[in-house]
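> If you're matching them up, the sequences are chains A and B in order.
Taking the numbering used here, the leading residue of the first sequence gets 1, the next gets one more, and so forth.
Taking the numbering used here, the leading residue of the second sequence gets 1, the next gets one more, and so forth.
Source of the hints: derived by calculation from the structure; they are not laboratory data.
Incorrect hints may have been included.
Simulated pairs of lysine to aspartate or glutamate, EDC-like, Cα-Cα distance not exceeding 20 Å [unchecked claim]:
id	chain 1	residue 1	chain 2	residue 2
1	B	Lys-36	B	Glu-73
2	B	Lys-79	A	Glu-73
3	B	Lys-36	B	Asp-50
4	B	Lys-79	A	Glu-64
5	B	Lys-29	B	Glu-58
6	A	Lys-56	A	Asp-20
7	B	Lys-29	B	Glu-42
8	A	Lys-70	B	Asp-61
None of these values were measured; they are calculated from a predicted model.
Below are the chains, spelled out letter by letter.
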Amino acid sequence: MARSVWKGPFVDGYLLGKADAARASGRNEIIKIWSRRSTILPQFVGLTFGVYNGHKFLPVQVTENMVGHKFGEFSPTRTFTGHAADKKAKRG
Amino acid sequence: MARIAGVNIPPNKRVEISLRYIYGIGPAKAAEICQKLSIPAERRTNQLSDEEILRIRELIDREYRVEGDLRREVAMNIKRLMDLGCYRGLRHRRGLPVRGQRTHTNARTRKGKAVAIAGKKKVTK
Numbered sequence: 001m002a003r004s005v006w007k008g009p010f011v012d013g014y015l016l017g018k019a020d021a022a023r024a025s026g027r028n029e030i031i032k033i034w035s036r037r038s039t040i041l042p043q044f045v046g047l048t049f050g051v052y053n054g055h056k057f058l059p060v061q062v063t064e065n066m067v068g069h070k071f072g073e074f075s076p077t078r079t080f081t082g083h084a085a086d087k088k089a090k091r092g
Numbered sequence: 001m002a003r004i005a006g007v008n009i010p011p012n013k014r015v016e017i018s019l020r021y022i023y024g025i026g027p028a029k030a031a032e033i034c035q036k037l038s039i040p041a042e043r044r045t046n047q048l049s050d051e052e053i054l055r056i057r058e059l060i061d062r063e064y065r066v067e068g069d070l071r072r073e074v075a076m077n078i079k080r081l082m083d084l085g086c087y088r089g090l091r092h093r094r095g096l097p098v099r100g101q102r103t104h105t106n107a108r109t110r111k112g113k114a115v116a117i118a119g120k121k122k123v124t125k
């Protein structure tokens, strides 16, 4: 079931501060985050986040289309690439 | 014979039923159309007057997205997910279930017909 509109999008609060700081510093540094559950907000567009997948921080360059998705969607946590004999399977 | 929204020629069934042959019109929308144009439920498609057919055609053109347009929209939505590189897009690319279903067994609709594993021994009794 979809989330109630009156609650607004879910974001871990500290991300807003981190994003603001990155904007202010001007350098295009990767912002490391563990909060895969947070919604991508319009004010994150253009920034690069390192989203933790339990192993390392995968760089995610946020574009306009990504708004409304969660950070976790862009940082796969599993590495299965197909069975040895399966020629058809290709890396995604 | 009635031709509505392109190629669809639903035969001598009730209007509400034959409208469902159009891609994008199911039970709910078919009923809605009949109600809006006050077409009686027992009317068959071949008993519709030219004027009624015209009105159905106009209503569908105006208010619903059907056939080619709808297919294109769905394809675009899927393409968006694939280009974005998000999890759902990856699942579409690999032809696996998108919404978290199990793939250990089942998922044959997405994966296609089962393929035998080469070199696997059959159990003999």
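> Against each hint, give a clear statement of whether it holds in the structure.
For each hint, the structure was consulted:
As the CA atoms of Lys-36 of chain B and Glu-73 of chain B are separated by approximately 26 Å, the hinted pair breaks the 20 Å bound. Our distance criterion of 20 Å between C-alpha atoms is met by Lys-79 of chain B and Glu-73 of chain A, whose separation comes to about 16 Å. Simply put, Lys-36 of chain B and Asp-50 of chain B have alpha-carbon atoms about 17 Å apart, close enough for the 20 Å limit, and the pair holds. The hinted pair formed by Lys-79 of chain B and Glu-64 of chain A meets the criterion: a straight-line CA distance of about 16 Å does not exceed 20 Å.
A hinted pair counts as satisfied when its Cα atoms are at most 20 Å apart, and Lys-29 of chain B with Glu-58 of chain B qualifies at roughly 15 Å. About 24 Å separates the Cα atoms of Lys-56 of chain A and Asp-20 of chain A, which puts this hinted pair outside 20 Å; it is violated. A distance of roughly 17 Å separates the Cα atoms of Lys-29 of chain B and Glu-42 of chain B; the hinted pair therefore holds under the 20 Å criterion. A threshold of 20 Å between alpha carbons decides the hint, and for Lys-70 of chain A with Asp-61 of chain B the separation of about 36 Å lies outside it, so the pair is violated.
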